[in-house]
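Peer 1: Each chain is listed here by its residues.
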Amino acid sequence: MIGPKQTLRVTGTERVGPYTLLRLERGELEPGVPGQFFMLEAPGRLLPRPFSLCLAPPGELAFLVDPIGPGTEALCRLRAGNEIDVLGPLGQGYRLDVDRPLLVGGGIGIAPLPYLAEQLGGSPPVVLGFRNADYAEAAALLPGAEIVVDPVLVTELIEPGFDVFACGPEPMLHAVAALCPAAQLAWEAPMACGYGACYGCVVEIDGVLKRLCLEGPVLDAARVRARVEAVA
Amino acid sequence: MRILNASGCLDALAAPEVARQLDGFVTKTVTPLPREGSAPPRIAETAHGMLNAIGLANPGRERFLADHLPRLRELGIPLWVSVGGFCAADYAETCSLLSGIEAIELNLSCPNVDEAADSAAEIVSACRRATELPLYAKLSAAHPDVAEVARAAAAAGADGLSLINTLRGTALGRQLHPVLARGSGGLSGPALKPVALHTVSVCHEATGLPIVGMGGIETGRDALEFAACGARDVALGTVLFADPGAPARVRAELPAACAEAGVATSDDARALAKSPETERKVPA
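Protein chains in written order, with our numbering: chain A, 1173 to 1404; chain B, 155 to 438.
Simulated from the structure, these hints should not be mistaken for lab results. For glycine and all other residues, C-beta sits at the position ideal for the given N, C-alpha and C. One or more of the hints may lead you astray.
Reference listing, derived: stretches of chain A covered by chain B, where coverage requires no fewer than 3 residues with Cβ under 8 Å from a Cβ of chain B [said to hold, decoys possible]:
| no. | region |
| --- | --- |
| 1 | 1225-1237 |
| 2 | 1367-1376 |
Quick partial rundown of chain A residues pointing at chain B, CB under 10 Å, derived from the structure [unchecked claim]:
| no. | residue |
| --- | --- |
| 3 | 1213 |
| 4 | 1218 |
| 5 | 1243 |
| 6 | 1268 |
| 7 | 1272 |
| 8 | 1274 |
| 9 | 1362 |
| 10 | 1383 |
| 11 | 1394 |
Given the sequences, and given the hints that come with them, work out the whole structure.
Peer 2: Structure representation (structure tokens):
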């Protein structure tokens, strides 16, 4: 069931390193399964932007926003009392029925992990990689996580025998997939709609281009073939 | 006034509750052979619009007829099938295989594939011989004389016109490279509306054919403006991405938009807007 979208009130924003944690009143929306996503209206922009749920405090939905362009910058400028339209939860999230979870995040890929850790319960181990100490401040969202910063790679912290849940930049996800063929990976793609209408978010899945918003964003590692990176 | 979707802007099987708000569902363009479409990135937001380069991704004629069309029929919505191809015979053969639908829209203007070598009139003419279903010719406003193309389509047997398709554009990223993998794509959204209104107006004057107007419609007022320029029906495209409830909302906004403009219904507004030529006044 798609929509209808809801108008939600901003309850507050917090700086988390270079990111902003945007808290919204939950309204009638369900938080969904960890790894699912919501389309958030970007004030002043034509198209909404996709975000996975970061935290689900009682009565609230919270999203971690990296200000990388005009839409995300507008979201970071929101203040308590402002309102935005929200659609979701959308897509396929993580399967939680595993024995030995290990959460792996890279950069803004930390976003879905706090809600995932909460839903898994039992304080699962978490390893995080960031480009520098400034970005690593976001690790405060997951107390107890092991952290590395460039040039050390987060994949160096992955030990065998775990059921890996990962989210992060594409090269990291491909590296995780190579190490852990059974990992569940949360991917990202530009999306205009989030519900299969625009055909914009295709990724090579099972060997053909498929819409990430419907098939994912969480996919079993084996479904996405490593892309050959163009070297200039 | 019927409210449709613009072809390629909705998957009725993925979002039936959105499609059911419409007075008719227009499919993504069906080509003779399956097409995977363009490599990503396929979309980019621009000022008051967006670019897409989907590249006519579709399951192909055979699978569409065997698998998709039966499932679409189960939705119980009037169906319009958008037909594409690379020569007149491609279009005509698909048309000959379609039945039990509301209308056929001939996509004569996709900006994301190489244009069909045959002219719009040749394609419409071939399709006219292949089917008795209503044929709507979807034209591009990029043609230097779209009214002439519309007249030729009408003379070749088109029953109506769908106006307009996207306009080709390019957006550059931070390092000045094209954002879209294909380099260029089709511009849609509110940025297109003035072009679309003008095109509807001149094609209405040129042909008098029923017109499905589209290009940047976001509100009931926008839909009414298309009627005022001569459109009988409208289609929603980009607005569906931000608002899956747009068809019901636009329909609900129409009465107030009519009242504000001083017309009883959108039908009464049709072609109320006169072309600038007929209203030109010589300054005193």
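Peer 1: Does each hint hold? Answer for all of them.
Peer 2: Status of each hint after checking the structure:
1. Coverage of the region 1225-1237 of chain A by chain B is violated. Counting CB-CB distances below 8 Å, 0 residues qualify, and the rule asks for three or more.
2. Coverage of the region 1367-1376 of chain A by chain B holds in this model, with 9 residues showing a Cβ closer than 8 Å to a Cβ of that chain against a need of three.
3. This hint holds: residue 1213 of chain A has a C-beta 7 Å from the nearest C-beta of chain B, less than the 10 Å allowed.
4. The criterion of a C-beta within 10 Å of any C-beta in chain B is met by residue 1218 of chain A, whose closest approach is roughly 6 Å, and the hint holds.
5. With its C-beta approaching chain B no nearer than about 7 Å, residue 1243 of chain A sits inside the 10 Å limit, and its interface hint holds.
6. Proximity of residue 1268 of chain A to chain B is violated relative to the hint, the smallest CB-CB distance being about 25 Å (cut-off 10 Å).
7. Of the supplied interface hints, the one on residue 1272 of chain A is violated, with its beta-carbon coming no nearer than about 34 Å to a beta-carbon of chain B, more than 10 Å.
8. The closest approach between the C-beta of residue 1274 of chain A and any C-beta of chain B is roughly 29 Å, which is over the 10 Å cut-off, so the hint fails.
9. The restraint placing residue 1362 of chain A at the interface with chain B holds, with a minimum CB-CB distance near 5 Å, inside the 10 Å limit.
10. Contact between residue 1383 of chain A and chain B, as hinted, is supported at the beta carbon level, the nearest pair being about 8 Å apart and thus within 10 Å.
11. Because the beta carbon of residue 1394 of chain A sits about 20 Å from the nearest beta carbon in chain B, more than 10 Å, this interface hint is broken.
The structure does not agree with the numbered hints 1, 6, 7, 8 and 11 stated previously, though it agrees with the rest.
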